[in-house]
Amino acid sequence: MSFLLKIQPVFAAVVLAALVGCANDPAPTEQLKLTEQAVAQATAVGATDEEPDLVTAQTKLTQARADMAEKSYKDARMQAEQAELDARLAEARVLTQKSDAQVAQVNTRLERLRKQLGAGQ
Amino acid sequence: MNTVARSLSLGLLLASAGLAGCAGHQSSEQALQGAVADYQQVREDTNVLRSAPKDVIRAGELLGRAERLSSYIGSADDVSHYAYLSSRYSAIAREHSKLLLNQEKLARLELERQRLQLALREAKLAGAQQQGKWAEDQVISLSTQQNERGLVMTLGDMLFDTGRAELKSSANRTVLKVVQFLQFNPKRVVRIEGYTDSTGDAQENLTLSKDRAQSVADVLSDLGIEEDRIQVEGYGDQYPVDVNTSESGRAQNRRVEIVFSDDKGHLSAPR
Chain D
29 MSFLLKIQPV FAAVVLAALV GCANDPAPTE QLKLTEQAVA QATAVGATDE
79 EPDLVTAQTK LTQARADMAE KSYKDARMQA EQAELDARLA EARVLTQKSD
129 AQVAQVNTRL ERLRKQLGAG Q
Chain G
9 MNTVARSLSL GLLLASAGLA GCAGHQSSEQ ALQGAVADYQ QVREDTNVLR
59 SAPKDVIRAG ELLGRAERLS SYIGSADDVS HYAYLSSRYS AIAREHSKLL
109 LNQEKLARLE LERQRLQLAL REAKLAGAQQ QGKWAEDQVI SLSTQQNERG
159 LVMTLGDMLF DTGRAELKSS ANRTVLKVVQ FLQFNPKRVV RIEGYTDSTG
209 DAQENLTLSK DRAQSVADVL SDLGIEEDRI QVEGYGDQYP VDVNTSESGR
259 AQNRRVEIVF SDDKGHLSAP R
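If you read the protein sequences in the order shown, they are chains D and G. For what it's worth, the working numbering labels the leading residue of the first sequence as 29, then goes sequentially. For what it's worth, the working numbering labels the leading residue of the second sequence as 9, then goes sequentially.
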């Protein structure tokens, strides 16, 4: 009897810990919103399906929604967090590519100007 | 026998569980090492630090979290997760840095472009001023007159030896000036007209006048003026500008005239 009495608090503690563990993983609603915004932002600056990181982001966002529906909140949060950064990286890559193209264009113009100046002298 | 089989299967189960655990640990360890390498790279790059400090800080925080978790058993998934996030922040920081460097480069290139455009405008202006100077000071001063045939420049008798068609070297300066004028005025064309005095055979005079005009045209063409911009005419002893009864008058009549078109390429009709 005394053995059982000793066991019960331990059991209760374990159950409590499990409950706390559950409470630590609420539905990541805010994170999903953030991720959706990041994906929308990447698309807005011109990222397409040709940008692998955007595809990854979209796949993970889809997975995160599915995990939400199954109440696997921890998985949903992790997928959504990764998807957010994937989308932000895709956005940054697109912006860099665009500025690379701008640099190339200005260089072409400069080359033409130098030629004209050389020919004129 | 039964006990042996059971203990064997139990052993297998444990071994496979251990392997699986090991595999998970290995992949999280790999992710962690990758994240450490990525973070090192951005942290040591002053350009990245300067242009994307917040991203570098986030990468460092997430890496620290992954490293702390890696000391706990059964945390492989979390370690991989935070290592992944850290690596992404490092990559984002690198991209932001590239973008900023490009923007700075674009600003410099734009300044260079403005400088070159200014230089080109100045060069063209100088060219135009030189053109005006040519038209006023040089070409006109070389016994050039503006009449109903257009701008007419006269090359005198002294530029040719008696009876010869070849232009003497003393004409080089004059010819070079004509070439330069035509190069500055790429739309202008010329007609080169040869004249003689009335001494001697009219047919021979006609041939000589045409040959002299042709030799001037050849020099212009040799100096780079396109042949289709040059017409050639020989008029013999027609159209004298002075009397043929005096030596000085005859010398005036022996001449080659260069008729310039206007700046749009309109040339008066031949005589």
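Everything labelled a hint here was simulated from the structure, so no lab data went into it. Each hint should be verified, as a subset may be incorrect.
What the hints assert, rightly or not - 25 Å max Cα-Cα, derived SDA-like pairs, lysine to any residue:
{"no.": "1", "chain 1": "D", "residue 1": "K126", "chain 2": "G", "residue 2": "P61"}
{"no.": "2", "chain 1": "G", "residue 1": "K195", "chain 2": "D", "residue 2": "G146"}
{"no.": "3", "chain 1": "G", "residue 1": "K113", "chain 2": "G", "residue 2": "K195"}
{"no.": "4", "chain 1": "G", "residue 1": "K113", "chain 2": "D", "residue 2": "V134"}
{"no.": "5", "chain 1": "D", "residue 1": "K143", "chain 2": "D", "residue 2": "K102"}
Stated by the list, open to error - Facing chain G, according to a computed beta carbon distance under 8 Å, are these residues of chain D, among others:
{"no.": "6", "residue": "L62"}
{"no.": "7", "residue": "M96"}
{"no.": "8", "residue": "M106"}
{"no.": "9", "residue": "E109"}
{"no.": "10", "residue": "Q110"}
{"no.": "11", "residue": "D114"}
{"no.": "12", "residue": "L117"}
{"no.": "13", "residue": "T124"}
{"no.": "14", "residue": "S127"}
{"no.": "15", "residue": "D128"}
{"no.": "16", "residue": "V131"}
{"no.": "17", "residue": "A132"}
{"no.": "18", "residue": "V134"}
{"no.": "19", "residue": "N135"}
{"no.": "20", "residue": "L141"}
{"no.": "21", "residue": "L145"}
What the hints assert, rightly or not - Simulated restraints, written as ranges between beta carbons of each label pair:
{"no.": "22", "chain 1": "G", "residue 1": "S79", "chain 2": "D", "residue 2": "R93", "range": "30 to 38 Å"}
{"no.": "23", "chain 1": "D", "residue 1": "T87", "chain 2": "G", "residue 2": "A127", "range": "21 to 29 Å"}
{"no.": "24", "chain 1": "G", "residue 1": "R121", "chain 2": "D", "residue 2": "A97", "range": "36 to 44 Å"}
{"no.": "25", "chain 1": "G", "residue 1": "E112", "chain 2": "D", "residue 2": "G146", "range": "23 to 31 Å"}
{"no.": "26", "chain 1": "G", "residue 1": "D169", "chain 2": "D", "residue 2": "L145", "range": "16 to 24 Å"}
{"no.": "27", "chain 1": "D", "residue 1": "G146", "chain 2": "G", "residue 2": "Q48", "range": "20 to 28 Å"}
{"no.": "28", "chain 1": "D", "residue 1": "T87", "chain 2": "G", "residue 2": "K62", "range": "50 to 58 Å"}
{"no.": "29", "chain 1": "G", "residue 1": "D209", "chain 2": "D", "residue 2": "L145", "range": "51 to 59 Å"}
{"no.": "30", "chain 1": "G", "residue 1": "Q154", "chain 2": "D", "residue 2": "V131", "range": "25 to 33 Å"}
{"no.": "31", "chain 1": "G", "residue 1": "E112", "chain 2": "D", "residue 2": "L145", "range": "19 to 27 Å"}
The C-beta atom is built at its ideal place from N, Cα and C for all residues, glycine as well.
* To do: Provide an ascending list of the numbers of those earlier hints which the structure does not satisfy.
  => 3, 5, 6, 7, 17, 23, 24, 26, 27, 28 and 30
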